[in-house]
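All chains, please: the whole structure from these sequences, using the hints.
There are 2 protein chains.
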Amino acid sequence: MQNFVFHNPTKLIFGENTIEVIGKEISKSGYKRILLLYGGGSIKKNGVYDTVVKSLKDNNIVFVEHSGVVPNPVLSHANEGIELCKRNNLEAILAVGGGSVIDEAKSIAAGFYLNNLWDAFERKAEIKDALPVFTILTISGTGSEMNPFAVLTNEYEKKKWNIGAACLYPKATIIDPRIQMSLPWHQTVNGGIDAISHILEYYFNSTVQEVSVSVSEALIRTIILCLDKLQVNPNDYPARANLAWAATLALNGLVGSSTIGEWAAHRIEHGISALYPEIAHGAGLAVVFPAWISYTRQANPSQYERFAKNVWNSNSLDEALAAMKSKYSSWGAPISLRDLNIPKEKIGEIAHNASRLGVVGNLLPLTEREMAEILELAY
Amino acid sequence: MQNFVFHNPTKLIFGENTIEVIGKEISKSGYKRILLLYGGGSIKKNGVYDTVVKSLKDNNIVFVEHSGVVPNPVLSHANEGIELCKRNNLEAILAVGGGSVIDEAKSIAAGFYLNNLWDAFERKAEIKDALPVFTILTISGTGSEMNPFAVLTNEYEKKKWNIGAACLYPKATIIDPRIQMSLPWHQTVNGGIDAISHILEYYFNSTVQEVSVSVSEALIRTIILCLDKLQVNPNDYPARANLAWAATLALNGLVGSSTIGEWAAHRIEHGISALYPEIAHGAGLAVVFPAWISYTRQANPSQYERFAKNVWNSNSLDEALAAMKSKYSSWGAPISLRDLNIPKEKIGEIAHNASRLGVVGNLLPLTEREMAEILELAY
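Quick mapping for you: the protein sequence lines, in order, are chains A and B.
Note that the first sequence covers residues 1 to 379 in this note's numbering.
Note that the second sequence covers residues 1 to 379 in this note's numbering.
Think of the hints as simulated: they come from the structure by calculation, not from any bench.
Careful, some of the hints might be misleading.
Copies of the same chain look alike in the list, so a pair counts if it fits in one copy or across any two.
Below, in silico cross-link-like pairs of lysine-lysine (DSS-like), each with a Cα-Cα straight-line distance of 25 Å or less [stated by the list, open to error]:
#1 K171 - K11
#2 K128 - K24
#3 K327 - K57
#4 K128 - K11
In structure tokens:
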């Protein structure tokens, strides 16, 4: 096991009817003026917006609204948020939404102290400070609610890149699984597959790290079980709650801190959704990950056999990959580039886009050529 | 799943040659004068003491030594520590040792701000503040290095009781698994069984909390695997590291925060070691837990069947309990009161001692009578 530091200071408030404490939580931390960041109108339909606004007002917190965060959030909108924070002397950010909203909140929080936000994504500027971020999670999947990472798309340059810094851990996160009952099914699925994919980014590289591997298997099996239950009954509260808690644990350092992440499948997927921003991240991962597994299988065969046996109850990796794709497909997720309506001739462009940050992966480092081969497999 | 808050702010620094950073870690936090708390001479034999002292001196940290913490640490020694802190204007505590040293450090930290430390254990005083505690863990097991709990023995009244408060989370903890290679085998075993027991305190009550239960099974199986490996080769670093990481996760809120703990077996064991302070906590738990499981089996049969199948690969609970005792015994752990040299006629006194804090347990609340029946089973 490699040396590591595990230090996750986010306060997670989890359960039914917890959203109403947000005002008190922010107030206790000493902040009086905040940016309220959210996406489209879903939080106005499901009552979350009203609960949040009432709680903020009850606690005398002044807020400036910045709505319109899109899935695969974009640089221009984050820059507008930074301007709003500066112009209004705001002290903190409250993100209400899924991973996209939280990622943009972190980007704004970091950008507040930078000359040029995108420089941090280009690794040209270091993130040393950030506005405090609070979150109310409405879609489980990205894990952004309890980690220090953010992904943003530079829509001018078609780059979907990431940042990470200790100061970007949310101060507090609220997850009320009940509000996720109203999600469209495909969003629940995309979130679950995103969470599975986060765990898998650490799984294959960690042959001797028994804690990480065995906990990973437990979390993946739990997510599969919960999605199966929710497909039958979207209002199954224990399934919603366990899916949400597992998705948070999937990328909060628990399975990742003691091992090295691959992040190659994610990089390839970012190549897809940078060019096709209408494709949800989880949907892209559903397509890319089985192909990545198949392509890299020789790099650590015993671990891949373990994956087949312990996650899919299969006797071979081929059987496991068939089971994985069959399961994803049964949930209505795409399992090929064709399912995503991406023509084969676009593969080169996607691989080129995905490789612009350089070689990725430790188990099997991938250049543009290998990425293209994986995309061929995914076609 | 019940509502919960998960907020564990301890910074965990894990791996080989990490002890030497302690001075810098304390210094970065702004503390200049500390209490250096430890037990007997083992840290002087294995070089940990020298590494710590050098690191403190290199960082200009003044320290006052308080050695002689005993297994099952006692109130009088903690009170001496409080006096040392007050007399020398100390700002923080560094605990170097196993759970006993860390628990006493937390007790001193809380007692510094109380009129009478034991009042907190009696639930007569609230712990609102504490000196910051840093820890260097030398024996994995209690989990105290990353949680807000402490157990102390009032040797005058023969009470082994506990406290817990958010301010008692260690600020930072260092775990170098390599230094545990020099532990006597029975200490490694006691620590492992203590960690398994912590997980089990949450396991049987959590029927529908899939995340907690499945992660619990992964951790228990990992601890068993690591102990088996260490019995063959005490210098197996990955096994030491995975055992240590699993033991920390066993009681840091990961499996416990989303469910209700029983803590009945622990309470009974505290009744034993309050009267027999020479009996290690892990050894007492090895005796009590199988009996508690057997006694409470009707309270949640499906969960007990799951335990048999997923942890012990057994078809029935009887088979699983036999496997559990056989495994514990193969490690050299005691599995009966007889193995602990406790005469049968002491059972009443132990049960009486254990029940002085009142009824314990949620799945099956236990009074003195039921505790005595469990101890009979354990005889």
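Inset, instruction - Determine which of the earlier numbered hints do not hold for this structure and return their numbers in increasing order. - result: Checked against the structure, the only hint that fails is number 3, while the rest are satisfied.
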